[in-house]
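Top to bottom, those sequences are chains C and E. Counting in our numbering, the first sequence runs from -4 upward without gaps. Counting in our numbering, the second sequence runs from 23 upward without gaps.
Hint data in this document are derived by calculation from the structure and do not stem from the laboratory. Hints may contain errors.
Beta-carbon label-pair distances, calculated as ranges [to be verified]:
| # | chain 1 | residue 1 | chain 2 | residue 2 | range |
| --- | --- | --- | --- | --- | --- |
| 1 | E | Asp368 | C | Val306 | 38 to 44 Å |
| 2 | C | Val438 | E | Arg247 | 43 to 49 Å |
| 3 | E | Ala243 | C | Trp418 | 26 to 32 Å |
| 4 | C | Tyr86 | E | Ala343 | 36 to 42 Å |
| 5 | E | Pro251 | C | Phe441 | 33 to 39 Å |
| 6 | E | Ala343 | C | Arg141 | 37 to 43 Å |
| 7 | E | Gly336 | C | Val11 | 50 to 56 Å |
| 8 | C | Pro174 | E | Ala60 | 24 to 30 Å |
| 9 | E | Asp368 | C | Tyr86 | 25 to 31 Å |
| 10 | C | Val4 | E | Trp236 | 54 to 60 Å |
Each residue gets a CB set at the ideal place from its N, CA and C atoms; glycine is no exception.
Given next are the chains, with one letter for each unit.
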Amino acid sequence: MIFHSLDFVVFFVLVVGLYWLFRQRAQNVLLLVASYVFYGYVHPWFLILIGTSTVIDYCAARGMERWPERRGRFMALSIVSNFGMLGFFKYFNFFVENVGAALTAAGLQPHLPVLRVLLPVGISFYTFQAMSYTIDVYRGELRARRSLLDVAVFISFFPHLVAGPIQRASYLLPQVEGPRRFDVERATTGSFLICWGFVKKLVIADNVGVIANKVFALSDPSFEILWAGVFAFAIQIYADFSAYTDIARGTSRWLGFELTENFDHPYLARSPADFWRRWNISLSSWFRDYVYIPLGGSRASGGRWVRNVLVTFLLSGLWHGASWNYVLWGLYHGLLLVATRAHRILRPAAPVRRPWIAGFQIVGMFALTCFGWLLFRETSLRDIVRDVSLSPFHSTPLDREAGLYLFLLAFLYSIPLWIQSVWVELGRETPAAGPRPVAAWPVMVFKAAACGIAFAAILVLRSRTSLDFIYFQF
Amino acid sequence: MSDPGRSVTVDVRPPTPPSRPLTHRARRAAALQLALAALAVTIAPIGLRALNYVRRTPRLQPTYLPALEGPRERLPFDAAPVGDLAGMNPTYVVIGDSMAGSRIDPRVLTELTHRPIAPLLQPASGPAWWYLALKNWVIPSGIHPRCVFIFFRDTNLTNALFRLDDQFRWAVDRVALDREDEVNAVVAARQSGGLYRVRDFVDRTALATETREWVEPGVSASAARIVEPYRKKRADFLVKLNERFGLDHLRPMDAADIQVAEDRDADFDAYVGRSFLPLMLRDAGRAALPLCFVRVQRRPAGGRPPVQSAALRGYVAKLRAYIESHGAMFRDDYGDPALTLDLYSDGDHLSPSGRRRYTEVFYVRLRPLFP
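Take the sequences, apply the hints, and build the full model.
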């Protein structure tokens, strides 16, 4: 089931309506049933995978606690089963294609099998979430849960099941296990998040996505047209992915849950490290905790640190998809981090106080990020080489005008996104302790009007071409 | 993997959920805020409606596909083919998209059969167009051809939404009457069950389509105005821009129209009841028109026919049984040894020489239909 469908609206209203009639235990049963209906709505066989993964991880964690001396074996069982499923469905064909290409290059004519099966939606997300549970139990940071129901709800919780944010067991499981009370303020803020999420998806992402798709379908883009398309894609992927997160967080709040933020206005980042503190936070912190730090993290010596960063980012790239362009994208971001640190070591700089320097840094980082999105969006290495070699000096006047037009069109659709980012960035303040403040009338009316305008914008400006959430494919 | 018990830096852990206390007053304010937001969302469509009255947007024609869209300007139904068919009185009719167009050469087939052939071809069309061409052109023309061939690929025939997006709708306009209730019902069932009525109601209440008719061009025009301030040059620029993104500028894979069937579309039982196939068979049966569905073979790979998943094989077997049980014929090109890679140009399209060769093979394979 997808968020931007009427089916989901009906489903969600029914679930919320029933949910608050029950006590905690029955709520969890309802959540599990609802999550499995949500996930298996189109392809019921997906449920076999998530069910298997849940049972194995539950048993593995229980085994680790019951037989601590054999916890390594249980951990191995969890790793092999989770990554086995992920590898089979996501990477089998990639592996076969590359083996085939290598054998062909060696003069052989291999007849290798090709897997023709649909990639289960969200498998990368729930696999990583399930893995975080068993790894934390293995490390002794979390106790294994006795209730299979609670673990199953933790892994399959429908608001964030197919595109994150990936939640840690230490964060979400206590919420699954604890009593929940309807909090009208949470429901209100949740509604705002849902509303904003739909605007981002239907009005911004889908409209600029059409521009990006048209540009990346061209066989002979000019320099200007290509980079207008890359800009459109940069907007699309952020609006699309963060929309999913917002809707997930908003719907969770209606159910009494609080999910972690996944984006913190990444296009206002001033450096690669800053970008990764703001982009897909749940995934980057997963890689940091379970790959980067176990490898030695930043405490390792120079050469080892470089290795740690590159390995982490290569794996992060590969997580996104079974294709070399994703690997290249990961490597690119790893190299950016290495280069930034090398620069800081060679030329230590004082903290920036002048706003115009910060502005330059933001624009510079956005340009670097856009180059990364080119690697991400182009699936063929040959096309990447062609794109990189394009020169602005060979463009016709029409190409220049077309590039400017497409850029302006993408920018116009993304204005609300930029305003929101700058608004939040300028108004950052540390959360205060004590009772939550009561909103004043003008603020309440302003927020309500914003909701009405957002709904009108969805009705009038929603794209005629409805696109899937980009991160579904991962 | 690190040892158990090893301390991991605390900052990597996500924060715990906020648990700031909520006073009674704050709770009341939040409830009021929620009610205000709900009210704003409810009156937003009415506000849009009022805005349209102020702007005096001209009333648009109601659509024949309310399951998909609101009122809009449409191309008129093209009645000319009805008269043309009646005048020509063809012995064979070929309906399809570029798969049929790049395979059947009417001139060659006429030479072989010595009979007139009427090709009703629309590039980038789908089953909605094919059905409407049959229903609104072929049947009203009163002709009685020996066979009507309908070409399709893999699961297209039971995918009611295939090529029914906005970008293809202008072609459907030409074959659709003012009301197409059965077509709409099929699309609605395939699209979103009965829920499309909710969206349709909201759109009609808000006059959303009418508003889109001036808001969307307004957004595009504001970008175009910055690029080209002069109106005449701007119109010229937009024409050239469209040409710049034309078919001859697309990457081979996009231009070649390779749309690989996904296994999720290969669930015959789930989709046949929500497709145009039953309507095609019913209407052709009533008009005593013999139908022959031709499944074309996709581009061969590695010197062999393309790989078919088990789901697709199962789908085709069920499709054949269904069609034949309803008295129509089914021809599957898949695996025909004569259809080799050298016949193909881009994607699943055949080259001009391949087209001639295919027509000859088609004539031989279906010889009993060409007495």
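Hint check results:
no.: 1; hint: E/Asp368 - C/Val306: 38 to 44 Å; verdict: holds (41 Å)
no.: 2; hint: C/Val438 - E/Arg247: 43 to 49 Å; verdict: violated (36 Å)
no.: 3; hint: E/Ala243 - C/Trp418: 26 to 32 Å; verdict: holds (28 Å)
no.: 4; hint: C/Tyr86 - E/Ala343: 36 to 42 Å; verdict: holds (37 Å)
no.: 5; hint: E/Pro251 - C/Phe441: 33 to 39 Å; verdict: holds (36 Å)
no.: 6; hint: E/Ala343 - C/Arg141: 37 to 43 Å; verdict: violated (52 Å)
no.: 7; hint: E/Gly336 - C/Val11: 50 to 56 Å; verdict: violated (39 Å)
no.: 8; hint: C/Pro174 - E/Ala60: 24 to 30 Å; verdict: holds (27 Å)
no.: 9; hint: E/Asp368 - C/Tyr86: 25 to 31 Å; verdict: holds (30 Å)
no.: 10; hint: C/Val4 - E/Trp236: 54 to 60 Å; verdict: violated (28 Å)
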